[in-house]
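Undergrad: Got two chains here, separate frames each, mind docking them using the hints?
Residue numbers (numbering that gives the first Met the number 0), protein chains in the order written: chain A, 0 to 228; chain B, 0 to 245.
To be clear, the hints were calculated from the coordinates, so they are not data collected in a lab. One or more of the hints may lead you astray.
What the hints assert, rightly or not - Derived coverage of chain A by chain B (criterion: at least 3 residues anywhere in the stretch with Cβ under 8 Å from a Cβ of chain B; other residues may be distant):
{"#": "1", "stretch": "129-140"}
{"#": "2", "stretch": "145-151"}
{"#": "3", "stretch": "214-226"}
As the structure is a computational prediction, the values presented were derived from the model and not from experiment. Positions of the beta carbon are idealized from the N, C-alpha and C atoms, including for glycine.
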Amino acid sequence: MEFFSNLFNLLNEFKGLLLVSTWQTLYITLISTLIAYLLGIPLGIWVVSTAPNSIAPNRPVHEFMSRIINIGRSIPFIILLVALLPVTRMLVGTTIGPTATIVPMTIAAVPFVARMIEQSLVEVDNGLIEMGQAMGATSFQIIFKVLLTESLPSIIRGISITIINLIGYSAMAGAVGGGGLGDLAIRYGYHRRQTDIMMVTIVLLILVVEVIQMGGNAIASKIDKRNVH
Amino acid sequence: MALEDVSLHIEPEDIYGIIGMSGAGKSTLIRCINLLEKPVAGEILIDGNCIFRKFGKFFENNNEPELMLQGAELRNLRRQIGMIFQSHNLLMQKTVSQNIAFPMEIAGAPKHEIDKRVSELLEVVNLADKVANYPSQLSGGQRQRVSIARAMANMPKILLCDEPTSALDSLTTNQILDLLWDLNQDYKVTIVMITHEIELVKRICNKVAVIDRTRVVDQGEIGQVLLNPSMEITKQLLSGSRGTRG
Chain A
0 MEFFSNLFNL LNEFKGLLLV STWQTLYITL ISTLIAYLLG IPLGIWVVST APNSIAPNRP
60 VHEFMSRIIN IGRSIPFIIL LVALLPVTRM LVGTTIGPTA TIVPMTIAAV PFVARMIEQS
120 LVEVDNGLIE MGQAMGATSF QIIFKVLLTE SLPSIIRGIS ITIINLIGYS AMAGAVGGGG
180 LGDLAIRYGY HRRQTDIMMV TIVLLILVVE VIQMGGNAIA SKIDKRNVH
Chain B
0 MALEDVSLHI EPEDIYGIIG MSGAGKSTLI RCINLLEKPV AGEILIDGNC IFRKFGKFFE
60 NNNEPELMLQ GAELRNLRRQ IGMIFQSHNL LMQKTVSQNI AFPMEIAGAP KHEIDKRVSE
120 LLEVVNLADK VANYPSQLSG GQRQRVSIAR AMANMPKILL CDEPTSALDS LTTNQILDLL
180 WDLNQDYKVT IVMITHEIEL VKRICNKVAV IDRTRVVDQG EIGQVLLNPS MEITKQLLSG
240 SRGTRG
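With the rest of the complex left out, here is chain B (with noise of 0.2 Å):
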């Protein structure tokens, strides 16, 4: 799904929320922060550091280099950015602790502090009973919440969530939420979450984009912006997010 002039400033520790319809390009951008996508032109900046930047007929009289970042540099900043998905992406074959163990595996900690960071995180999200139990062996939310556990490994500034909760009852939503919220208080996490549902960012984002077939059309404060709906879009995933999905 393309997208098109899109401009978003995230400031630390901001919960922010983008929203948006099936199909309207979520997806898309959130995956441009960790580069899984590479946009056509444009720049992205994460704490002033440029990681992309390739101007296309839109920056016609910018003279600065292209630049994007690749090999050992891209896996670095990879490993700084956590990502939870919409299905948990869990390896079914290792143990809850296994799990959230592999980023820092990769990133080649050692084996100690590996070991003290899981058992830490464990108790964040509330599992610790379930060390050694398999993805198989627990319910959505519990899955979930694992994922988190496991994009926190590396202690990010970043946490990315692409539809965190939509495969999930409302009750384990609002305990993810909680934790996310949580995460971001305790860690100072700044995290940026993917929605098609206004009540996810209500409840914990302060601040919001609305994307609409393929723009930003709406961003801002979340007073703000839910408030004073300056577009359609907005009014009409305000007035009832559920009823428009079918």
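Just chain A, same shape as in the assembly (with noise of 0.2 Å):
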């Protein structure tokens, strides 16, 4: 019973910052999660349509893509929060707080969900994209009424893993004030070695991402017509 009592008084007292963190992590992610697919999707396609046997196949292009796409993966977030102040500041005007943190989590993102998206392109059967080809479709008929519209439920599935990716990545960035769950988490548990605190937020970032990873399963499963009785 005082487990409970206790949890209610700290729960009373941080309220109102725990409802604005965790409203923070959700902006931060969501906003870089829509910019990322904005800039990704292309991308993506891009990468995928000059792969060999493809639609428009170009190896020079396919690999150069292929090559940024790897290095963008492959720098660590953390550094790339901090490499990419400079641009940052132009960008946003500052480096502190959620909207700051929003353009080193969307440039990390853009080559991850290239990737994303360049999985569930190659899923779809290459006797499609004959078919296709052999009605007569463009390549860009091609990319948006068999690429595209066969890998939706991929896709959507794609996206909560983004989302809950980035979500990792927000708490990282709240390590340099960032804003969000994860400035929360360091702030207060961390520094202040408020134990419980931190144990409050890491259940409501696990609270968000099921909620992320089972409502992707769902609309997926939903609008998948693969195994439809």
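TA: Laid out in structure tokens, this is it:
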């Protein structure tokens, strides 16, 4: 009983802070995901369609894009975060707070998203691409009416993976004053040694991740017509 | 798979069988007709119009310019040639009617025309009750019938069939062959069919070409080729194609 009354008091005391931090985490993550997909989808399509035997084979372009994506993905986020501080300041005017965090998060997420899109698109059977070509479809039509529509459930699953990955990044950004639940955990849980706050933020993060994963799976299963009976 | 020294002449409204063992190059050959494969050298004419011409060392004396349909011209040609595949290649996330509408949609046909043609074709392939179903809800034979309806959507003059029944049981195979026969009779569509089974050729083809190891070894009217098989491979295919497949 004492545990619950303590927990209640704690939640009551930090209610505002917890709510704001959760909101900030969602804000940072969802906006970064959105922008990263706007940039990453065309990039992923580009990589897939220039691959050998695809709709617009172009080896040099394919290799070059693939390299760039790999380079982007190999830089640890915490380093990218610091390295991009001047860029962030230029774009947002500050390096502190949730909005500033969106810059490095988005830049880190674009190559990740491009790879996720690539993964989803290459799953589409080559026979379908050949079918599209045989029917006289343009490359553009094959991309939109064959590749993207057939891989939509897979792309949706990829989106939830990306969001969850970015929630992890947002916690790192919290370490340098980026706001969000990570920031709260570092400031109160670590610097002030308030383990209970740390625990509460962890539970909140687990809940957020769980909801996003389950939501993504539910939407993907709902729209996937490959196993309709 | 490379083919050499191939010369076929297919007349309008033929049901032309191309038969050979696995790996003989049949699929490569049929894909040359809609230029999914580009020949190294040779000439392809459809309805008297050249769609491909490139002369290598075999045609030294020819002075005609090289030609290779591309871009919009190539897509227009392909829209006039239907194709069905061994694996039906249906869009699994689209309904039966959306699948049949696909070739018309990409050709930019108006909505009411698409709807009209789709319901007509659904009747032809006897799937009117499956209009809103997804391919995953259909049997193998039904899927292949959808893909036949799709191939006919733009009312092509030529229908290419790449091993259309290889994945189906014999009863379903006969239904598909009867459907192809009906399409040939009713819509006057020229059919080119690749197969490794002589029974299929016997059932619906009026002409046949036999391919063996990269060459066409026998060709002509069905009766002529099958009654007087001049080549060993034709005899082998005749004496038991099912046996030789193992």
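Undergrad: Which earlier hints turn out false for this structure, listed by number in ascending order?
TA: Structure breaks no hint.
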